[in-house]
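A.B. asks: As they're listed, the protein sequences go chains A and B. Heads up: the first sequence begins at 1 in the working numbering, then just goes up one per residue. Heads up: the second sequence begins at 1 in the working numbering, then just goes up one per residue.
Don't read these hints as lab results, they were simulated from the structure. There is no bait here: all hints are sound.
Listed next, the in silico BS3-like pairs over lysine-lysine satisfying Cα-Cα at most 27 angstroms (straight line):
1. B/K220 <-> B/K384
2. A/K42 <-> B/K49
3. B/K366 <-> B/K252
4. A/K42 <-> B/K18
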Amino acid sequence: MSGSRSIDLDLGSAPVIEMLSNRRVTVEGSAGILHYNSDNIKINTNKMVLSFSGRGLRVRCITASCVEVEGFISQINFYC
Amino acid sequence: MLMNIFRCVKGYVAFEGKGRFPERFLNLTVRSGVNLWDAQPLPGGLKGKLSLSDYRGIRPLARKAGLTLRVTERHGIPFLIARYRFRGGILVGAMLGSVLLLFLSCFVWSVDIKGLSNVSASRLEAVLAENGLYQGRIKSGLDVNNVRRKTLLSVSELGWMSVNLDGCRAVVEVREKANKPPVNTHQNPRNVKAAADGVITDMRVHNGKSVVTEGSGVIKGELLISGVSDTEQNTVRYVCADAEVFANVNSKKEFLIPRSFDYYSLSENKSVRSRFGFLNLSLPAGFSLNNYKYVAYTSDEKSFFLNDRILPVTLSEETAHELEFQKADLSLKQAEQAAENELALYEIFEKGRSKVVSKKLKVIPKNGEYSCLAVYTFNENIAKPVDFSVKEE
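My request is simple: use the sequences and hints to build the entire structure.
C.D. replies: Given below as structure tokens:
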């Protein structure tokens with residue numbers, strides 16, 4: 001065994017995040033919205049929770065597995 | 001764009017939801033297959049848009065998420081229909097309007113003619129009507145190629161023509177033939193002789209040998225320009241003499257003006273009769289009648305335009321003016337004025353190419369009439385070509 005820790009990657013079920021500058025982000029593989037206001041939107045994926053902070057945030061479009069968030073995004077946090 | 005049209009057809013509402021868990025409402029709507037767009041967070045809730053069919057079944061979901069929904073705006077055709085559902089007249093009017101539009105679109109509303117310069121538009125309109133193209137004609141049986149062919153054969157001045165139907169408007173474009181310039185093809189030898197007595201003031205000899213000069217007095221029939229000219233070899237050459245010879249010519253004009261005459265004048269009385277025209281139908285729009293003994297009619301037709309397009313509706317007014325029979329006696333002064341008017345017409349229509357050098361008018365009362373004598377001196381072209389034959393001996 002080597003001293004370094006290995007990280008198992010399961011990319012098959014990981015969410016796909018696509019960003020257009022800091023103004024629009026599309027999250028594929030969402031399981032629902034946990035928190036929703038104009039300063040912070042938290043999106044649940046199966047493996048983690050994505051938190052987008054900023055100003056004037058809103059959900060532009062939402063389907064069962066995809067969420068498109070629009071606004072001025074200043075911070076992104078991943079809670080695993 | 002397409003999505004907006006689709007939403008408009010289906011109808012959609014903008015709503016506001018107040019409650020504790022707006023995010024839960026979003027998740028529930030998504031899981032139920034409800035399409036929600038433009039979701040924006042509000043303090044203590046959210047607002048968004050939903051199609052009308054989805055909004056009807058969304059109340060239980062809102063209740064489950066602890067939200068109270070309130071519709072803020074309604075858009076789309078279903079709401080429009082609902083607003084006017086008790087106004088059957090609008091529907092009937094719309095249907096009648098559509099039927100009328102379909103009916104009217106079967107006719108030629110107007111015939112627009114473009115490109116005319118010398119041929120009169122009314123003449124061409126008459127020829128087109130003879131060949132089957134006129135306002136109010138049913139479009140279905142109209143053979144524009146046949147109309148074009150027949151019209152080109154009927155109006156010889158036209159060189160090219162096209163007839164196109166642009167909706168309910170028939171557009172006729174024409175090009176007239178270019179006139180051939182006059183070409184002097186006269187080849188026979190000829191002289192130029194004087195057409196009247198006079199004193200020559202100016203000569204412009206184009207061909208031939210001049211036998212008179214400026215200032216010469218000539219009598220009618222006198223040779224002015226000879227068609228026989230000598231060559232350097234002492235032989236004779238016969239040419240077609242051509243010249244313009246201007247001379248001062250004395251002329252008299254005598255005529256009589258009756259001292260008293262009858263005429264009809266317009267009285268104050270008139271009656272106006274309106275007519276309403278639709279396509280090629282004309283219907284009376286008034287019941288005005290006249291019983292005047294002597295009548296003169298004038299008519300005035302008004303057409304209606306919409307966006308520079310002539311409509312097939314006209315309003316015409318036919319005015320009947322009563323005429324009064326009157327007798328008048330001319331004084332000497334009035335007779336002189338009448339004679340001046342008569343002479344002005346004579347100068348324009350009979351001596352249009354001549355220039356008046358001097359004019360003297362004398363009006364004398366004679367046997368219930370005025371005898372007028374005008375003595376003129378005209379400056380005019382007196383050149384008259386006369387052919388001559390040459391025989392070899």
